Every structure is written in C-alpha cells, then in structure tokens.
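Taken in sequence, the protein lines are chains A and B.
Going by UniProt numbering, the letters in the first sequence line up with residues 1 to 373, in that order.
Going by UniProt numbering, the letters in the second sequence line up with residues 1 to 310, in that order.
Errors might be hidden in some of the hints.
Computed footprint of chain B on chain A, listed as stretches where at least three residues anywhere in the stretch have a Cβ under 8 Å from a Cβ of chain B [to be verified]:
no. : stretch
1   : 78-88
2   : 92-102
3   : 254-262
The set of hints was computed from the structure by calculation and includes no laboratory data.
Quick caveat, the model's predicted, so the values are computed rather than measured.
Using N, Cα and C, we set each Cβ at its ideal position, and we do this for glycine too.
Chain by chain, the residues:
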Amino acid sequence: MAEIELRRIEKSYGETAVVKGVSLSIRDGEFLTLVGPSGCGKSTLLRIIAGLEAQDSGEVMVAGRCVDDKRPKERDVAMVFQSYALYPHLSVFDNVALPLRTRRLSFAQRLPFVGRAVPGRGGIEKVIRAEVEQAASMLDIAHLLHRKPGQLSGGQRQRVALGRAMVRHPAVFLMDEPLSNLDAKLRVQMRAEITALHRRLGVTFVYVTHDQAEAMTMSDRVAVMTAGELLQVGQPEQLYRDPQDLRVAEMIGSPKINVVSCDHWISLGASLPPGIDGNTTHLAFRPEAVGIAASGDRRLNGVVTSVENLGSDIFLNVALADGCGAVVVRTHPDISRSEPGRPVGLQIDPASLLQFDGAGMRLRQAEQVEAAA
Amino acid sequence: MKTPDQDRQRRVDAKASFAKRSGEHGVGWLAVSPALLLLVGLLFGPAAAVVLFSLTDWQLGSFTFHFIGVANFRALFTDPTFWKALTNTLVYAAIVVPGTVLLGLVVALLIEASPGLRGFYRAAHFLPVMSTMSAMAIVWGTMLHPTIGLVNRGLGAVGISGVNWLRDERTALLALALIGIWQGLGFAMVLFVSGLKAVPQQLYDAAAIDGADGVLDRLRFVTLPMLGPVTMFVVILTAKRSFEVFDSVRVLTQGGPNYASEVLLHRLYTESFDFLRMGYGAALTVIYLAIIVLLTLTQARLLERRVHYS
C-alpha cells in the first residue's frame with residue numbers, strides 16, 4: 001500500500017524556480033504519468049519523490065508517512081533511468097542482485113573476497129539467486145544473466161534495469177523517460193510490456209515522459225506540467241476531450257489541436273458559433289471535429305497545402321486565407337480526395353469547439369459546465 | 001562480421017587497385033615517407049645501432065671496435081652491480097607506482113569533493129609535474145640535509161632524530177622513491193580528476209536507490225569501476241616513468257652509497273659516459289628496452305581486458 005502525496009513542493013536552482021508549489025495525490029497502485037516539455041520540472045519532481053533531490057519547501061508523503069528526512073534507499077522506491085544506469089563492470093545477475101545484497105548482507109558479508117567466508121552468507125545468497133532468477137524469467141532475460149551490460153542491446157538493458165527495480169518488490173516504481181533511448185518500434189512494444197508489468201505487480205507507478213503518446217496509452221491518470229506548474233491532472237481521455245488550459249489542449253493529442261483566434265475568425269468573415277462567452281479570445285477544435293465542404297460564406301475557408309495519407313486516415317493541412325494560420329483536418333480516405341492547391345471550406349462541429357480566454361484558461365458554456373459537474 | 005557495405009567497399013577497392021596498382025603504390029609510399037623517415041631515423045635506426053654496439057667492444061672516442069659476440073651480455077649477467085641496479089629499479093617502481101596511483105586518486109577525490117578552492121589545490125598539486133626534476137632535486141637535497149635540512153629539523157622539533165637520508169644505505173632509495181611520488185602525484189591527480197568528471201550522475205543516483213550509498217559502496221560500485229581506463233593509463237605511465245628514473249639519482253646520490261640507490265638508467269649512463277664502455281652500456285640499454293616493451297605489453301594486455309566493459 002503506497003499512495004504518494006505531494007504538498008506544495010517548491011524547488012529552485014539559484015534564481016531559477018524549477019518546481020513551483022506542486023501538490024499532487026497519487027493513489028495506491030495507480031499508473032500516473034507526469035508529462036510536459038523538457039525543462040518543465042517533471043524529472044526534478046520525480047527525483048524529489050525518490051529522495052535524490054531535496055525540495056526547498058513542501059512535503060512528500062509515501063504511504064501516509066512523511067519521507068522528507070529519509071534517504072532514497074529507505075523510501076521503498078525503485079527507479080528506472082533514461083540511460084538505464086547499469087553498473088558496467090557487473091554481470092546482469094550482479095546488477096539485479098545488488099539492491100538485495102546491499103539490504104540483506106551485512107557489511108562484512110559484502111566485502112570482496114573475504115565476504116564469502118563470513119558465516120550466514122551462503123544461505124542468503126541462495127535466496128537472492130532464486131529471487132533474481134524469478135525476476136529475470138518474468139522479464140525474459142534469464143538467458144542473459146552471465147553477460148555484462150555492454151554486450152546487451154538497448155531493449156535488453158532496459159529489461160535489466162526493470163529487473164533491478166522490481167527484484168526487491170518496492171512499493172513505488174519511479175521511471176524517468178525509460179523508453180526515450182529505444183527505437184520507435186521497440187518503444188511501442190516496451191510500452192505494452194511496462195503497462196502489463198504494472199497490472200501484474202499492482203504497485204504505484206510514477207512515470208515521467210515528454211511523449212504525449214506514452215502518457216495517453218499507458219496511464220491511469222496523466223499530470224500535465226509546464227514551467228514548473230501542474231496544469232491539470234486527469235484520465236487521458238478527459239485531458240483530450242476536456243482540457244482546462246490551452247497548453248494542455250496543445251500538448252495532448254497528435255496531430256496538435258487547431259487553434260484559431262476570434263479576431264482571425266471574424267476577419268475571415270466566418271460567423272462565430274452561437275452562445276460564445278464574451279471573454280473568449282481563442283477557439284480550438286480537434287482535427288477530427290472538422291469536415292471538408294465547399295468554400296462558402298460564413299465559414300472558415302482556406303487552401304489545401306499538403307495531404308498526408310496514413311492509410312487509415314488522411315491528414316489535410318489547410319492554410320487559412322490572409323495568413324490567419326493553418327488547420328489540420330483528419331478525414332477518412334474514402335471520403336476525401338483532396339489534392340494540394342484546392343480551395344476548401346471547413347465545417348466545424350460546434351459542440352466540439354473549445355473556448356479559451358486571453359490567459360489560456362478554458363471557458364465553458366452553461367451546458368458544458370453542467371455536463372462536467 | 002561482414003556487412004554488405006564492407007563487401008561492396010572491398011569490391012570497389014579491388015577494382016581500383018587492379019586498374020592503377022603501380023601508380024597508387026608509388027603515391028602511397030610517397031605519402032607515408034615523411035613519417036617513415038622519421039620513424040626509421042629516430043627510432044628503429046638508433047635501436048638497431050644500439051643492438052649492434054652491444055655486440056662490440058667499442059669505447060667512446062675510439063676509432064676501432066671488434067665484434068665480440070654476446071660477451072657484453074655475459075659480463076652483464078655476472079656483474080653484481082647490474083643485478084643490484086635491476087633490483088633497486090624494481091623496488092623503486094614497486095613503491096612509486098602504487099604510491100602515486102593511490103595518493104593521486106585520494107587527492108583527486110578530495111579535491112572533487114570540496115566545493116571551494118578547487119582550482120588552487122589542482123594547480124598546487126600540479127606544480128611539481130611542470131618543474132624541472134634536476135632543479136627540484138637540489139631543493140630536495142637541501143631539505144634532506146642531515147643537519148640544516150628542513151626534514152630533520154622538523155623531526156628534531158618533535159623529538160625524533162632523523163637519519164642522513166641520502167647517505168644512508170637503508171633510506172637512500174626510499175627517499176628517492178618519495179621524491180618520485182611527489183613529482184608524479186600531480187599528473188595522476190589531473191588524470192583522475194578528468195576521469196571523475198566523466199562518471200555519469202545517474203550511476204550515483206542508481207547506487208543511492210539500490211542502497212549502495214555509503215562512501216565505500218559508492219567507490220566500489222561506481223567510482224573505481226568507472227575510473228578503470230584512467231587508472232590503467234596512470235599505472236602504465238607511472239611504471240614507465242619510474243623505470244626511467246635518472247635525474248634525481250644523478251643529482252642527489254649518484255647511485256650510492258655503496259650502490260644502494262643504483263638504478264638501471266643511471267648504471268647505463270655511468271658505464272657509457274663515465275667509464276666510456278659504450279658496448280657494455282649498449283648491452284644494458286638492450287636489456288632496459290626489452291624490460292620496458294615487455295612491461296607495457298603485459299600491462300596493456302592484462303588491464304585492457306578488465307577495464308573496458310563493452
């Protein structure tokens with residue numbers, strides 16, 4: 001049982017504030033992803049949870065206890081690093097066994113060479129061997145135990161790092177961009193394996209990534225961070241459909257959400273949707289909420305600049321007239337046969353239009369507020 | 001393993017060399033000739049000459065010499081002074097190499113661990129490396145002077161009566177070895193400091209999470225293994241330098257007293273240029289070169305296997 005509670009965590013390096021008063025509750029057994037652009041403080045926050053970095057103010061609670069004065073090894077957390085951080089001179093077996101050895105063997109028993117002669121070591125080593133082998137077979141690296149990390153591929157090293165993290169059954173798994181050193185295909189595969197591992201172990205996972213696709217596909221909940229602040233925490237589909245902040249809307253989803261300012265909307269001669277809030281400055285809509293129609297009055301018109309055919313979908317890039325920006329339209333290959341240069345009109349589903357004010361905050365229409373509540 | 005690229009490259013190479021083999025060879029030789037001339041003129045030539053001289057009875061200044069076969073070597077191996085010099089050199093290296101490597105590492109770790117005055121300490125420890133050994137040896141000679149020297153005065157102040165360091169058979173070699181450590185320490189330290197900077201922080205983080213967060217555990221699981229290649233380099237370099245020890249011996253003890261601090265290179269110099277027995281000196285040089293080459297090869301083979309992990 002290990003829920004994590006962060007209370008008003010602040011951290012700055014010199015003059016630069018990296019984490020600005022973040023409060024966050026992570027439930028027991030949850031897969032929570034911290035997502036944000038590089039330099040947003042997400043890794044720092046993870047390192048503060050791990051105890052590798054001390055916060056300037058605020059509290060970290062794990063399983064209801066404050067761990068601020070505890071060293072990393074006393075916090076019952078395990079961590080997987082972007083560079084894997086395996087000990088290059090140790091075999092895979094010794095890498096995975098190390099966290100068990102440092103905890104179970106006495107100082108004398110861990111001494112090189114003479115440690116073997118210290119009584120009691122043999123029995124402990126036997127148990128450790130069994131546990132390492134069990135973890136290794138779970139991760140499909142049992143045949144690599146005698147190798148050195150230098151002789152392994154990136155994916156295999158990643159598994160060894162996972163094995164070293166899970167072998168002592170920690171209450172919390174912390175992962176710092178663990179997949180970003182892998183190639184695209186392997187990344188997708190490991191994504192599924194890590195979620196499967198999470199289901200199997202049932203412990204709390206805190207996962208840091210800058211890749212919104214990883215956040216969307218793997219997590220129970222996603223926390224979006226920008227510039228040291230937590231913008232929104234929610235289930236992936238909630239962040240996608242109901243973002244509270246324009247920055248969240250822009251970060252989640254690929255291709256990016258379309259944003260058109262009200263000024264452009266008006267200058268293009270399109271009519272603003274009915275019931276719009278007076279403070280709205282920007283309107284945003286997902287690529288799938290737009291249809292292609294003939295160009296005409298009272299709607300956004302533009303010219304197709306390029307067509308990306310992905311087989312299942314077609315993405316049309318449409319440049320709005322008078323340099324008012326560009327819009328991506330997602331259509332089905334059977335429906336649209338547009339080619340670059342063709343003038344089109346955009347048919348936007350008014351129900352899926354999101355309104356944002358000048359500060360980027362979401363404005364809701366009355367019925368949306370009711371729906372959200 | 002052959003990749004398709006390498007295969008293709010090989011076919012291209014074969015075709016090209018078939019077409020213009022003769023011309024390309026000429027250009028090739030022309031291109032390497034400067035380096036080749038320098039190598040032959042400065043390395044292989046002199047080495048061959050030394051081997052040749054070692055088989056003669058040539059004396060410096062004489063216009064004639066005779067080939068006397070391996071007589072020089074036979075004389076050498078029956079000469080107790082040679083054995084004394086060889087043993088002393090080995091003892092000297094056995095003190096200087098571990099001393100320099102260990103102290104260099106400790107100083108580097110201390111300097112990196114202390115936030116302030118890092119630059120000052122680095123420079124202070126590096127000064128002896130940049131100074132001229134023969135000049136520094138004179139300073140050491142004064143320091144180790146039995147009556148007016150700083151060392152014995154300091155010892156006297158705390159009630160210990162010092163010995164005549166450089167004139168005592170028991171301490172002469174030890175004193176020279178300590179001077180050797182003092183001189184090589186800074187270089188080892190600089191190399192270790194640069195090695196320490198290259199250790200990835202994530203490994204220390206991983207060690208902290210895995211529970212290896214004590215000073216000794218960090219050293220054992222992260223710092224020392226990651227310094228492996230640097231350590232190998234420092235060991236080989238220091239070993240080579242300690243076999244080359246000459247300046248301090250020449251200035252301070254001249255190999256005495258009673259050959260207590262006689263070393264190979266100093267013996268070689270004495271035989272060749274004091275006694276003018278060039279043939280005999282050349283035989284010594286051949287032995288010396290053989291030892292150096294052997295040392296470098298074995299160290300490289302042995303250590304290379306253990307410090308490179310990929």
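Each hint, compared with the structure:
Look at the stretch 78-88 of chain A against chain B: 9 of its residues bring a Cβ nearer than 8 Å to a Cβ of that chain, three or more, so the hint holds. Against chain B, the stretch 92-102 of chain A contributes 3 residues with a C-beta closer than 8 Å to a partner C-beta. That satisfies the three-residue criterion, and the hint holds. Evaluation of the coverage hint for the stretch 254-262 of chain A: breached, as 0 residues show C-beta separations to chain B shorter than 8 Å, against a requirement of three.
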